[in-house]
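S.K.: Sequence order for the protein chains is A and B. Letter by letter, the first sequence follows residues 1 to 120 in our numbering. Letter by letter, the second sequence follows residues 1001 to 1287 in our numbering.
By construction, these hints were calculated from the structure, which means they are not laboratory data. Some hints here could point you the wrong way.
[Claimed, not checked] Here's a subset of chain A near chain B, in silico, CB distances under 10 Å, partners left out: (1) Q5; (2) Q29; (3) V30; (4) T34; (5) V38; (6) Y40; (7) K41; (8) L103.
The C-beta atom is built at its ideal place from N, Cα and C for all residues, glycine as well.
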Amino acid sequence: MQEEQPIFLQLAYQLENGILSGVYPEESQVPSITEFSVTYKINPATALKGINVLVDAGLLYKKRGVGMFVTQGAPQKLRTQRRECFYHDYIEKAVQEAKSLGLTADEIIEMMRKGFEDAN
Amino acid sequence: MKMQIEVHDITKRFGKSTALDHVSITFSGNKIYGLLGNNGAGKSTLLNLMTDRLRPTEGTITVDGQPVPNNDAALSKLFCVTDQNLFPDDMKVRKAFEVAKLFHPEFDRNVADSLAQKFELNEKKKVNALSTGYGSIFRLIIGLSINTPCVIFDEPVLGLDARHRDLFYQLLIQKYADHPCMLIISTHLIEEISNLIEHSVILYHGTVLKDCPTEELMAAAYSVSGPIQLVDSYLSGKHVLTQKVLGGLKTACVHGKPANRLPAGLELANVNLQDYFISLIEEEESK
Chain A
1 MQEEQPIFLQ LAYQLENGIL SGVYPEESQV PSITEFSVTY KINPATALKG
51 INVLVDAGLL YKKRGVGMFV TQGAPQKLRT QRRECFYHDY IEKAVQEAKS
101 LGLTADEIIE MMRKGFEDAN
Chain B
1001 MKMQIEVHDI TKRFGKSTAL DHVSITFSGN KIYGLLGNNG AGKSTLLNLM
1051 TDRLRPTEGT ITVDGQPVPN NDAALSKLFC VTDQNLFPDD MKVRKAFEVA
1101 KLFHPEFDRN VADSLAQKFE LNEKKKVNAL STGYGSIFRL IIGLSINTPC
1151 VIFDEPVLGL DARHRDLFYQ LLIQKYADHP CMLIISTHLI EEISNLIEHS
1201 VILYHGTVLK DCPTEELMAA AYSVSGPIQL VDSYLSGKHV LTQKVLGGLK
1251 TACVHGKPAN RLPAGLELAN VNLQDYFISL IEEEESK
């Protein structure tokens, strides 16, 4: 995730993270466009665009006159998507950086192991 | 009906100096507009012409099709917050709110009271006893509480501390959400409002440099950095706005969109609105 991405994508990414981490459980209501735009000090049209990224992906749905809700199965769907992107988003970049530093494949694999251990 | 302010071929001269030179802009619909420009670019002159506080040397301005000069029907659709206090100095804030209601039926006293609480503005104080910051806050509260079809803020956050600026921006969006209207924010503090404004108008030495959706401006340029020679060879044939050298490293702001893959060794970054603005001005200045 780049900080330099357009604001609406940053908002979409944060919402996705909220769904993945369970901050917004399935069938729960997410904050309104006004709440998002006031909190982040962004134009409501931008907030709407960010939320629509998730609506279009079937992760959020609209209850008319009530608000936006997390779709049943959204966390699983996101997990699958993010796993598919993992290689491109993280591995390719890590390998590129490792190569420029002269690190070998074995050395990185060892670091990954250590990372998993330290995270426990 | 869609709110529309048409600035048509306006020129304003003060003696020998030209503040605005054949400026045409159309403000249309319930959008948040940013009127951007350096000090002296002509922002306040334009706003004063729009609100009939000044008369143009040439050209016309209409609000919903009606010419502005001496026209209450047109002028009553606009409310402009400036750094000038329009109330008698020894009037108390509370009384000033009452007077505001008399002059502007669209003024919502309940909103003003609740905003005064949020800003911790003491309504018992006299207007001239307010500090610089609270003087601004007092005028901003009136602007935030008035529901005219168009509200204009001229340099709204000058004199406000960081916390109050934040609060102002949040309340501005809240107002916009509660009562959709046209908002025009004139400022030279671009970074703070770049995410707020849907449409940007950039003035430069009395002329319109840009007039387009903010999103377009954000995508109009990119920055490339890397070793000087690599950057230089990359830049050849491209529209370069500005370039800076630090040690052996060069960073350039380039107009347009980058190719999918940049030559190895070069780093790509987005250009935010403020950096793009500065680059545009620097480019103009080097002409």
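S.K.: Next, verify each hint and record whether it holds.
M.R.: Do the hints match the structure? See the list:
Because the closest C-beta pair between A:Q5 and chain B is about 8 Å apart, less than 10 Å, the hint holds. At about 17 Å, the closest approach between the beta carbon of A:Q29 and any beta carbon in chain B exceeds 10 Å, and the interface hint on this residue is violated. Given the 10 Å rule on beta carbons, the hint for A:V30 is violated: about 16 Å separates it from the nearest Cβ of chain B. Taking 10 Å as the C-beta cut-off, the interface hint given for A:T34 holds, the closest approach to chain B being about 4 Å.
Look at A:V38: its Cβ gets to within about 5 Å of chain B, closer than 10 Å, so that hint holds up. A least Cβ separation of about 8 Å between A:Y40 and chain B falls short of the 10 Å threshold, and the interface hint therefore holds. Because the closest C-beta pair between A:K41 and chain B is about 5 Å apart, less than 10 Å, the hint holds. The beta carbon of A:L103 comes no nearer than 18 Å to any beta carbon in chain B, farther than 10 Å, and the hint placing it at the interface is violated.
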